[in-house]
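Colleague: So the chains spell out like this:
There are 2 protein chains.
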Amino acid sequence: MKHTYQYPRAALTVDCVVFGFDGGDLQVLLIRRAIPPFKDHWALPGGFVRVEETLDEAARRELVEETGLKDVFLEQLYTFGTIDRDPRERVVSIAYYALVKPADHTTAASTDAAEARWYPITGIPPLAFDHATILDIALKRLRGKLTYQPVGFELLPAKFTLTQLQRLYEAVLGTEIDKRNFRKKVLSFDLLIPLKEQLRDGPHRPAQLFRFDPVKYERLKKKGFLFEI
Amino acid sequence: MKHTYQYPRAALTVDCVVFGFDGGDLQVLLIRRAIPPFKDHWALPGGFVRVEETLDEAARRELVEETGLKDVFLEQLYTFGTIDRDPRERVVSIAYYALVKPADHTTAASTDAAEARWYPITGIPPLAFDHATILDIALKRLRGKLTYQPVGFELLPAKFTLTQLQRLYEAVLGTEIDKRNFRKKVLSFDLLIPLKEQLRDGPHRPAQLFRFDPVKYERLKKKGFLFEI
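Top line first, the protein sequences correspond to chains G and L. In terms of full-length UniProt numbering, the first sequence opens at residue 1 and continues consecutively. In terms of full-length UniProt numbering, the second sequence opens at residue 1 and continues consecutively.
Chain G with its partners taken away, still in its complex shape (with noise of 0.2 Å):
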């Protein structure tokens, strides 16, 4: 004998939020709906989590099939059961976001996604199902990882500028900062390492290209840090 919930049963899927980066403003990557519901509205990139596939793998497998997008840093971000979150029935989602780095941009599309495009957070527009809500907690989570992990580093090039990366921090936390202040914040976490290479850019002085240090940031991560801008 199985002792087992019996059904109706909620379905389960998956959403992902992709965020990117182009240099000026923070991006996500939206999927228009190819079937109902919400037919032709902007939406997440996700879908149904088959029975013989984990989650990662569902969201992964999504990812793929909706946009193109392979290998991206790729997190659980928090599982959404409203009762009434999907107009056919009871419909569970577990929400991923995603870190995509500017080379892997790209907006492919297949299945049940009409077309996938970038939008900047600044105007996004109406999203099908809670994804408006999802893509809010999603927004918290970075600018929290950001504060405490260099989680930023995933949206920027292997080699980056100082600018590049306060430009990052402006455009994920909305708002200005101090151009001395984060410089000497940065370098006082020594988790940068500068490169014998520079930036030429236009009609600029040439500015120094720097990379990340992941093993001193791992040292730093055990006794826990505050990035605070």
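It is possible that some hints are incorrect.
To be verified - From the structure, some residues in chain G lie toward chain L, with a derived Cβ separation under 8 Å: (1) Pro8; (2) Leu55; (3) Tyr78; (4) Gly81.
Because the hints were derived from the structure by calculation, they are not lab data. Note that the coordinates shown come from a computational prediction; the quantities given were computed from them, not determined experimentally. Glycine residues also receive a C-beta, built at the ideal position from the N, C-alpha and C atoms.
Chain G is already provided as a structure; the job is to place chain L on it using the hints.
Modeller: The following block gives chain L in isolation, referenced to the frame of chain G:
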């Protein structure tokens, strides 16, 4: 026509890691299973989510049914979805963690639980399913929370001494803390309101009692802080 995911579907459960503090050890409330699988094994309180209730409602209902606990601090932790975590069939579990003040400790048990009992974190028995993994992740979350938020106040009586607060930090972090450093750090946050009362406990000198200031905490939270010991 309903475009939705067909059967078979995973079953959905909630599982709760309930932390308490008895003044010495960090403790976890476990139940002994009355039914298979893992009959007579210790496990986290929890059970199947009903299709008409939210996830939070399911977690609170199971806590009452299996342990008698009501109105506790409860937050969603993480959702566990490896394929074979339940021998019956595919079961996805949304885990929660709860923090319980000493006055609310209880060990009532009913329905699926044969018994409910507090165990010290240093002496947890073998657990059913993947509950040892869930407990491990909950403990990491609690440690993180203690570093960035004074969530430990949820585990103390409303009035407490600095020694009690220090013991709590030591029990959760699993390490001894220097008394002078701890007091200096705690008081520097200006989160404690000294009371006129003192605690008389045995042969010791009476100790100053404090309570937590939630208004100042909200202010401090906005700019982020690090409770580094």
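Colleague: For each hint, tell me whether it holds in the structure or not.
Modeller: Cross-check of the supplied hints:
no.	hint	result
1	Pro8	holds (5 Å)
2	Leu55	holds (4 Å)
3	Tyr78	holds (6 Å)
4	Gly81	holds (4 Å)
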